[in-house]
Amino acid sequence: MTPPILTVRDLVVTFGTREGVLTAVNGVSFDLYLGEVLGLVGESGSGKSVTGLAILGLIDPPGQIARGSITLDGAELIGKPEEELRALRGKRLAMIFQDPMTTLNPVLRIDTQMIEAIQAHERVSGKAARERARQALARVGIPSPEERLDAYPHQFSGGMRQRVAIAIALLHRPAVLVADEPTTALDVTIQAQILAEVQSLAAETGTAMLWITHDLSVIAGFADRIAVMYAGRIVETGSVVDVLETPIHPYTAGLIGSVPSRNKRGVPLAQIPGMTPSLAKLPPGCPFSPRCPRATVTCRTTMPAETPFAGARMARCHHPLTGEPLAA
Amino acid sequence: MLVYLIRRLGQSLLVIAVMATLVFVAMFAVGDPVDILASPDADQRERDAIAKRLGLDRPLWEQFGLFVWRALHGDLGRSFVYNVPAVDVILQRLPATLELALTGLVFSIAIGIPLGVLAGLKPYSRLGRGIMSGSILGFSLPNFWIGLMLILLFAVELRLLPAGGRGPVVSVLGIPTAAFSLEGLKHLILPALTLALYKSALVIRIAQAGTREVMLQDYIRFARAKGLSRQRIIFVHVLKNIMIPVVTVLGLELGSMIAFAVVTETVFAYPGMGKLLIDSINRLDRPVIVAYLMMTVVIFVIINLIVDLLYAAIDPRVRLAEAKG
Ligand SMILES: Nc1ncnc2c1ncn2[C@@H]1O[C@H](COP(=O)(O)OP(=O)(O)OP(=O)(O)O)[C@@H](O)[C@H]1O
Ligand code: SF4
Ligand SMILES: [Mg+2]
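Note that the protein sequences, when read in sequence, are chains A and B. Heads up: the first sequence is residues 991 to 1318, going by the numbering used here. Heads up: the second sequence is residues 1402 to 1726, going by the numbering used here.
Be aware that a few hints might be false.
Said to hold, decoys possible - Not the full set, but computed from the structure, chain B residues with beta-carbon under 7 Å of chain A:
no., residue
1, Phe1545
2, Asp1619
3, Asn1642
4, Pro1717
5, Arg1718
Everything labelled a hint here was simulated from the structure, so no lab data went into it. The structure presented is a predicted model; accordingly, all values stated were derived computationally and were not measured. Every residue gets a Cβ at the ideal spot worked out from N, C-alpha and C, and that includes glycine.
Assemble the whole structure, with the sequences as input and the hints as a guide.
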C-alpha cells in the first residue's frame, strides 16, 4: 500500500483560557491516503475544527500545538517556519469553511480574491491568472463566469459563494483539502449538488479530503472512512460501512441512533442523554462515561486506550458493542 | 445611484434652509444692530434712519425674505470693519483654513492608521497597550494646551519651527496657497499637528477596533488558508475593510476640524477663518459672523455629501442597498 499523504500522530492542541488550559484536541492520530475521503464526525465542541486548523498551521494564540506530529508527503509540518507553511497553504493544503456568507472578503471583487490566491504561489501575469480563475469558476458550475469575476461576494447566493470558495481551494490541485462543514449552512438540495461536484473535482485532481461534519447522513454516501471524535479524542475509526452498520463505540451508536432515516420513520429518535462535556471538567476515566448506557466502574476511573479491531478498525472503549479487540 | 444623489441633495438643501433660519433668528434676537452702528448720542431720527437703511423697519417676515433673497445671491451683508462684502472677507481667509484642516487630516491619517493597525494586530502586547493609552492622552489634552506646548518645544526651545503666522502665499492653479514652499510647510506643521492630534487619537481607536474585528473574520482565516502573505492580508484585506469606518468618521470630522481651527488659529496667530471669527466677535462685526456661520454650514453639508458618495465608492454593499432603495 502507498504511504499516506497526510499523517497526524498524537496531536495535542491546547487553549489558555481564564478557566485554565483547555485541551481541545487530545492525542489525535489518523492517516489520510491519496484520493481518499475521511469523514471526521462528532458533536459541537469535540475539536473537529481545531484539528483541521492545526493541519494548516492556523492555530492562533491563545491556542497552540502542544505536542504531536503532522506530516505531509512524509515531511514534518509542526515547527516548520511560517514562510514555508504559507507556501504550502493553498498550494498543497487547502481548507474551506462552514459559513459561505463570511468566507469571502466583502469589499474585494471575486477576481481579486481568486487572482491573489494564484499569484501567492505562482509567478503568472494578472491576465493569465484571471483566465485560470474564470476556468475554475466554470468548473464548479458557476454560470457566466466571465461576468461573475467582476462581482462582489454579496451579489452571490450562499451556495454560489461556497462554490467560489471551493474553486479557490482547488485552484492549485492541493494534495489535501480540509472541508470544515462546508455544506451545513446550505439547504439540502444545494448541499447534495455541491457534495457531488466536490467529489468529482477531488477525484479529478486526486485530492484527499478530511470532511468535517456533525451530520452522519452527509458522510454516509460520501466518505470512504470515518473517524468519530468525542471531547478532543478520536474514539472510533473504520470504513464507512463498518462503522455505520456495526459501531463498536457506544457514542458512535448513539450518534447513528439520533440520525433521522427512512427505515426508522415513526420510531422516536434516540437522543444521546446528557450534554457535551465541558473540556474544563472532564471525568477522570472515559470522557463519555457520564452519558454512556454501558458505563461501569472501570469506565469511570480508567481511560480506555486506542484498541485495534478486525477490519482495520480502532476504538477506545472498555466494553465494545461488537467484535473482539485484536491482541496488540 | 442617481435617485440616491437627488435625495441626498434635497436633504442637504433642507439642512441649509433650516440653518439659515436659525442664523437669521439668532442674529435678530441678539440685540439691536442699531445700538452698535449709531453713535451713543444719536437722537431717535438718526436711529430710525439707520434702521430704515438696514431694512429693520419692515415686518419680520419681509426682513427674512430679503435675507434669504440676498443670501441666495451670495450677499450676506457688508463687513462693518472692512466695508467690503462679508462673503469676500471670509472667502479670502478660506484657503488658509482649508489648507490647515486638510494638512491636519493628512497628519491624522498618517499617524492614526499605522498606529491603530499596529495596536489592533497585537492588542495585548506592550506596544498595543501603549498606543491605546497614548490615544487617550490625545483625546483628553485640550487643543490650545497642545498648541502652546508644541510652540514652547519646537519654536522657543529648539527653534526649529516658527511659532505662528502663515508662510508666503503663492498661487498654484489659481488657488492662493502656502503649502508648496518649505517656509510655508514649516508654518503649517505645528498648527496642523495640533489640529490633528485629537483626530489621530480618534483614527487610532477606530483603526484598532476595526483591525481587531476584521482579524477575527472568517475571510481572514480563508485568506490565510489560501497562502497569502501577511503583508497582503494586512494591506489589502484588513486595510480596505477598516477604511470604511475611518473615511466615514474622518470625513464628518473634517467639518469639525474647520470649526476646531478657531482655537488653533488663534493660538498660532494663523490668518484663517477661525481667527477672523474671533476678531469679528471682538469687533461686533455681525455680517462677518453671519457669513462665517452660513459658510461653515454649507461646507459641512458639502463635506457630508462627499463622504457619503465616497463611502458608497468604497463599500460595494452600500452601492447595492442604494440601487434597491
Ligand atoms: N479560540 C479559542 N479559544 C478558546 N478555546 C477554543 C478556541 N477555539 C476552540 N476552542 C475550544 O476548542 C473546543 C473545540 O472546538 P472546535 O471548534 O474544534 O469544535 P468543533 O468540533 O469544530 O465544533 P462545531 O461543530 O461547533 O464546529 C471548543 O469546545 C472550545 O472550548
Ligand atoms: S469506555 Fe465505558 S463509558 Fe466509555 S464508551 Fe466505552 S462503555 Fe461507555
Ligand atoms: Mg467546527
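Status of each hint after checking the structure:
no.	hint	result
1	Phe1545	violated, 39 Å
2	Asp1619	holds, 4 Å
3	Asn1642	holds, 6 Å
4	Pro1717	holds, 4 Å
5	Arg1718	holds, 5 Å
The earlier numbered hint that this structure contradicts is number 1, and it is the only one.
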